Each structure stands twice: as structure tokens, then as C-alpha cells.
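Trainee: Here is what each chain is made of, one letter per residue.
Protein chains: 2
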Amino acid sequence: MSGSATQTVYEQLRASLLAGLYRPEEKLKISELGSAFSVSTGAIREALARLTAEGLVTATPQRGFRVAPVSVADLRDLTDMRVEIETKCLRRAIANGDLAWETTVVAAHHRLTGTPIAAHDGSFSPAWMLAHADFHAALAQACGSAWMMRVRDLLFAHNERYLDLARKTDRGNRDAAREHRELMEAALARDTERAVMLMTAHLDKTRDTIEAALLAATAMNEAN
Amino acid sequence: MSGSATQTVYEQLRASLLAGLYRPEEKLKISELGSAFSVSTGAIREALARLTAEGLVTATPQRGFRVAPVSVADLRDLTDMRVEIETKCLRRAIANGDLAWETTVVAAHHRLTGTPIAAHDGSFSPAWMLAHADFHAALAQACGSAWMMRVRDLLFAHNERYLDLARKTDRGNRDAAREHRELMEAALARDTERAVMLMTAHLDKTRDTIEAALLAATAMNEAN
DNA sequence: TGCGCAATTAAAATATATTTTTTAATAAAA
DNA sequence: TTTTATTAAAAAATATATTTTAATTGCGCA
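Chains as they are written, first to last, in the working numbering: chain A, 1 to 224; chain B, 1 to 224.
If you are wondering where the hints come from, they were derived from the structure by calculation, not from laboratory data.
Bear in mind that the values here come from a model prediction, so they are computed numbers and not experimental data.
Calculated pairs, PhoX-like style, for lysine-lysine (alpha carbon to alpha carbon, straight line, at most 25 Å): (1) A/K88 x A/K205; (2) A/K88 x B/K88; (3) A/K88 x B/K205; (4) A/K205 x B/K88; (5) B/K88 x B/K205.
Please work from the sequences and hints to get the whole structure.
Mentor: Take a look at the structure:
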């Protein structure tokens, strides 16, 4: 498919990172990854270099690569920024969006609705994560700014890394489906202020849920 | 100096890119760069991979790397985004900034004032570019958000690439020094609205100047 | 028994070599 | 003259080998 090996490694590694397959601050050994993906170390290094620039992994000279750390402080900061950007995108999308935009939003929402949220092990299913990402991207798309989308995508990706952590404590006591539906309805009704309000609430609620999970996990680690 | 060769190459290549040493869309040949820096191709590829993630170069599988293209549309989009982020940073910096912040701003401004703007060949002098970048960074620093600074830095870097293009048509008919001084004064006086206004005007003016230069360059190319 | 130091191991960083793919150049056919 | 094959050159991608650096272990000694 995607011709080059380094490209494939990059994509797969990124997906694994976002899916929380590796723990934060875990060491990413070049040769281990090399044999796991059965490619040369050069390809791995190249993929890790790109992920470093994205902030998903950290590089320390002479000491290799690690999964980027997570923290409550970072999550809060990230969410603040996300609220700023996502609402700005949303405002502009509602102002600019045409029928094609409405159509992709409706389609993405329908797919999201029809995708089971949980995998067998209790985490988010990869299919749902993808549908969820596509839905939010579809909403923002019509903002008409490549840079805004670029920044939005970066922030969204980082948030996905936190999302898995939330699943454990978020046992159905949150009606995410309803939030998404209301968000879509407000956007399609061109009710800008309501849509912005719902988006802000959605992101803040996500942050709170994740934060609770993070603190619980920290407390558990300290108990050991 | 900075331990690893790949790190050095990355930094130098990035600086050259921002200084406009390579033309947009110019091919970046791995082995050429390798011999130029006298390092292995692996180090070059790694540096280029990071720059790709930053958007300063583009990578096409099986076909190598190129300097990222420039366009009027991108410049406008970039500036819009920059106005959003820079003013947001500025507002928060003015609200949060303490004496230490004021001090670094004053220091950065003094250095900027004392640095000759032009190099012998008429382009911006590297020292001025650095002082200029530091001044704007100093202003924003006290915003207290790592993510906001991260995005700001990314956008600023991309703008630097355009800046060189402007120099040719910007023969002293712009009083950048005054703009910077007024900006600093408003910030230190905690006059938020005036500072935001000045920042917006500063960035918009920069865009207009660059845009004129870009269009002139395009017209010249078409004549050939 | 605890501590510092040398020897060993592991892993990262770098260089070189090989393979594969693309680009270009040239020649043959319409 | 234009188009299409064929081939040669260049460059990218990948793999392997070497060097350098950091971490670990075991040993002597206080």
C-alpha cells in the first residue's frame, strides 16, 4: 500500500501510541522495534524522529527515545488550547459550511452512532476511535483554514493519547452519544452560540473524566 | 557541541531553511547534504524527517524531500492564525506577566534595537532575525501555556521563511523599530487593547509587505 | 557489610554497502 | 516530427557493520 517501509512504520507506531499501547515514558528501543516490525533500524529512527517533532515521543541524545510523558497539568493546558481552536473552527465552519459539509457531518455522525464503543477488553474500540476522530474532523473541516486544521489535528492527536486512560473510570455514566448528537444538531441548525457552548462543555467534560482517571492511576501507582 | 551529529544537522538545516538559503520546492538531495555536512545519509534522513513533521520540508515516498512550497494563500492563512494565537498569548502575558517577564521584554527589546537589521547583501542579518524572534517570544512567554507557546513557535518559524522574501521590497519604508517599541510600551503599561491592536497591525503589515514581494517575485519568474 | 572502581554488556549513533526505484537520455518506430 | 521503448545513470530506500556512549555487574577494599 503505502510504498515505503518507513512510512508504514511511522503510521503504525503513531496509531499504537495514540491507542495507548505503550505506557508514557516507556523506553522505545530501536532494535526491539526493528525486529518487531522486521525493518532496519534506520527506518525506525526515521519514524521516531518524526514522532519526536510531533511531540508524541521524546528524544534524549545518546540515550534514545521514550514515549512522551502525560500529566494533569499538560492535560489541562492541552484542553484549554483545544477549546480555543475547536470553537474557532466550529464558528467558521458554521459560517462557511455548505451542503457538502453538512453531508459529511451527517455521514460521520451516522457512522459514529453505528460503531460499538467498547472493545472486548473494556477500552475504546479502534473502529470507534476512528469514527470519533472523523466526526470531530468533519465538523471542523469547513473552517476553510489549512493551518487551523493542522493545529487542530495535532491537539486532537495528543488528546487521543489521554482518552484511553479515561475509559476505565468512565463506565457508561457519561452519555457521549447524546453530546455528539446535540453538537451535530446545533451545527446543522447554524446555532453558533449553542454549538460553541456544547463543544466547550464536551471538551471540558472529557478533560474532567480523564483527569479523574489519571489521578486514580497515580494513586494506584503510589500504593505499589 | 550539541552531542549528536543528527541534532547538529537538524539545527543547521532548520536555520538555513528559515533564513531562506534554499528556495521553496527545491529538491534536498540526501547524499549532497551528507557530503556538505560530512555526515552519513542516515543522519540527514533523520533531520529531514523531523523537519517534515514540522512542515518545513515535504516528503514524497520514493522520491525524496523538498523544501516546503510557499504561496500567497498560505501566507494569508498563516497570518490569520498568527494573529489569533499571538494576541491570545499577549492578552494572557499582560494579565499574568510579573517583573521577570517585564525584564526579559525590556532586555530583548534593547538588544533588538542595538542589532543592525541589514546584512551586507541587503537581506536581514542573522543576528537581527534572532533578536527579533527572541523579542516576540519574550512578549508571549508569560502566557503561561506550554501548548500555546508551542503552536506560536511553530507559526513564527513558518513566518520567518517568508520574511526574507519581503526584505527586497521593504527598503526602509517601514518603521519596524517604532512598531516594536510601541508594542513593548503598551505591553508594559498593561494596556491590553492597545497592545493587541498594535500586534494585529504589526502582523498584518508584515503580511502585506511579504505579499507584495511574493507577487513581484512571481511576476518576475513568469517573465522569464 | 557497604562503597567505589574497573570490566562487561547493552544500546544508541554513525558509517558504509546493497538493493530498489525513479528520472533522464537515447534510439527506434509511427 | 512526435511518440514510445529501451537502457543508463542517479538517487532514494533499506540493510548491515562499526564505533561510540551509557548502564550494569562483579570484584576488591575499607
